[in-house]
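Chain Y: place on chain G using the hints.
2 protein chains.
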Amino acid sequence: MKKLKETVKNILCPGARVMEEAQRKLDNLTKPRGSLGRLEEFACRVAGITGSISPSVKNKVIFTMAGDHGVACQGVSLYPQEVTAQMVYNFLNGGAGVNVLARHIGSRVVVVDAGIAGDIKTASPIFIGKKVARGTKDFTRGAAMSREEAARSLEAGIEAFEEEDKKERIDIIGLGEMGIANTTAASAITSCITGAAPDETAGRGTGIDDKHLKIKIETIKKALKVNKPDRKDPLDVLSKVGGFEIGALAGLVLAAGARKVPVVVDGFITASAALIASEVSPLVRGYLFASHDSVEKGHAVALKWMRLKPMFDFQMRLGEGTGACLGISMIEAGVKVLNEMATFESAGVSREER
Amino acid sequence: MKKLKETVKNILCPGARVMEEAQRKLDNLTKPRGSLGRLEEFACRVAGITGSISPSVKNKVIFTMAGDHGVACQGVSLYPQEVTAQMVYNFLNGGAGVNVLARHIGSRVVVVDAGIAGDIKTASPIFIGKKVARGTKDFTRGAAMSREEAARSLEAGIEAFEEEDKKERIDIIGLGEMGIANTTAASAITSCITGAAPDETAGRGTGIDDKHLKIKIETIKKALKVNKPDRKDPLDVLSKVGGFEIGALAGLVLAAGARKVPVVVDGFITASAALIASEVSPLVRGYLFASHDSVEKGHAVALKWMRLKPMFDFQMRLGEGTGACLGISMIEAGVKVLNEMATFESAGVSREER
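Residue numbers (my numbering), protein chains in the order written: chain G, 6 to 359; chain Y, 6 to 359.
All the given hints hold, so there is nothing to weed out.
Note: identical chains are not told apart, hence a pair may lie in one copy or across any two.
Cross-link-like lysine-lysine pairs, in silico, DSSO-like; alpha carbons within 30 Å at most:
(1) Lys63 with Lys341
(2) Lys302 with Lys314
(3) Lys302 with Lys341
(4) Lys172 with Lys341
(5) Lys30 with Lys302
(6) Lys314 with Lys341
(7) Lys171 with Lys136
(8) Lys216 with Lys30
(9) Lys126 with Lys341
(10) Lys216 with Lys302
Calculated directly from the structure, the hints in this document are not laboratory data.
Chain G extracted, bound-state conformation (with noise of 0.2 Å):
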């Protein structure tokens, strides 16, 4: 734990004064005040969180984070468990979504086994091995990990960003996740936290009819009935309902901010490690940018509890950090803005007259 409390002490408020220093260089750019709305505003956070007004998002890194889970067996999913290992072979040769999505915004992919029940056998320089146990148990049973392996989780996301940033300073990152069943896991972890009941954060994931939707709200209800996971303690939640990939990206939340860097969530999944991250360290929320409001209706449930407004909503429901590329690359044209562009004095164009 000493590792998690020293990244949790390290995460400050990101800089208000610098932020107003960015709003104030953009007025001066040739463009009516505040006329590209929320370019600006992504800029200025950039900016506050980097303490630069002039900052760098070039090295740009996703981490998809995968792990298997337990509930699975209660038929929550369209697909076999086998697919969680599929899909990271998959990642690792480049063909899956986010390598695509990550290609056309020039970001990195680094794929981190988090909790896969199978072996993952690969020399791939992109691969990350962090397998906390081969999969989390099946919390309808009693709890998905021991609070110690909840622990471990987090820590496994903080070293994937640490052993990342030392070979190459992150500018920026996004979070993506990959595992059978684990929208009933965050359903689980955004009800328990928020309040707010099973069947409103639970959606149809993959694509179960439904059929299998009902059985997905009953899971969680007994998930949570069973297991009594406490709200105010965000390790308990996770270890009660949550999952191994999850952990990990909220550790890896924590670790980025402690580093200063901004943090794209993706759809449900990673915004439920955000709201596990935001308990651990309230602080953690001034970093983290919603990219896609998900298909999933807990998307929305979680992202307002954080105060994230969405950039966009393009009815998407794949995961993997896929709506973050695109997020990222918002991210990255209003910073490009608030660097690149002419000021008025400097390109010789005439002030508003009023």
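Below, chain Y without anything else, positioned relative to chain G:
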């Protein structure tokens, strides 16, 4: 009018069969069906437009077209008319918002003088001179331009497209504009064509106060009363309450449609140009993509009329093509998904079980 007629004749409905084929291709990729939402929609539409299930969106061009407006003398804008030409130099020097965002998405910017009051002295290779006249006339006292000038502005846009396309075959275009007071013209066009009242289509443009917004609304009402444009005759609407850059943009849209090139609309002014184009040829709507929903309230009115759903609302109101840049990047993301993702078979990933 010969060029215009020929162009319109060449606009065909995008291919429904190719769109279906593209969706089948998408359904075979390693993701739950439909889980990339609107990215899949963009990809299918580009497939239908281009007639290819592996379309290219490499050669991107933002056409930023500029013109002056006689109505500027009515106090409808916060900026003096000289700013149109000043900003054109800023575009040519690469310092404006659209330059920054075009570079971000790997697009060229082409700047067109469709009717600026002053001369643009430049040897820039990204400049195209197509001046129809030195600004429109004040349309509160009669038509903004003659019917012949309106037709010439449309052909100016067609020519601009053809000249650029000849240099290097264009894959996708974004619409952009600059013209002090052109939101007033856009409101008049939109009110005329859609029947919405001027107070439903007039916004604050570059940032006018309540007093000047009232003046602007009265100006639009007067323009419609004095000129009585015939909403069934888009050339009449354009000549009476339009602008040269708006006409040229409408021509550009038609030329792109005729060459099966997707067109990304920017803000309110470019939407009013798309309105004109889609009144000239309703089939051209099949080539249009809306990017953002701008602060200008007439924008939503125009998009709704064309049944275009914007991608995002960033509270932007700069114009120039800035929103179109971000929209193009999203469409490119969708097309790359279609082109680059692995199939279930090639990646060895199990399919859904039910």
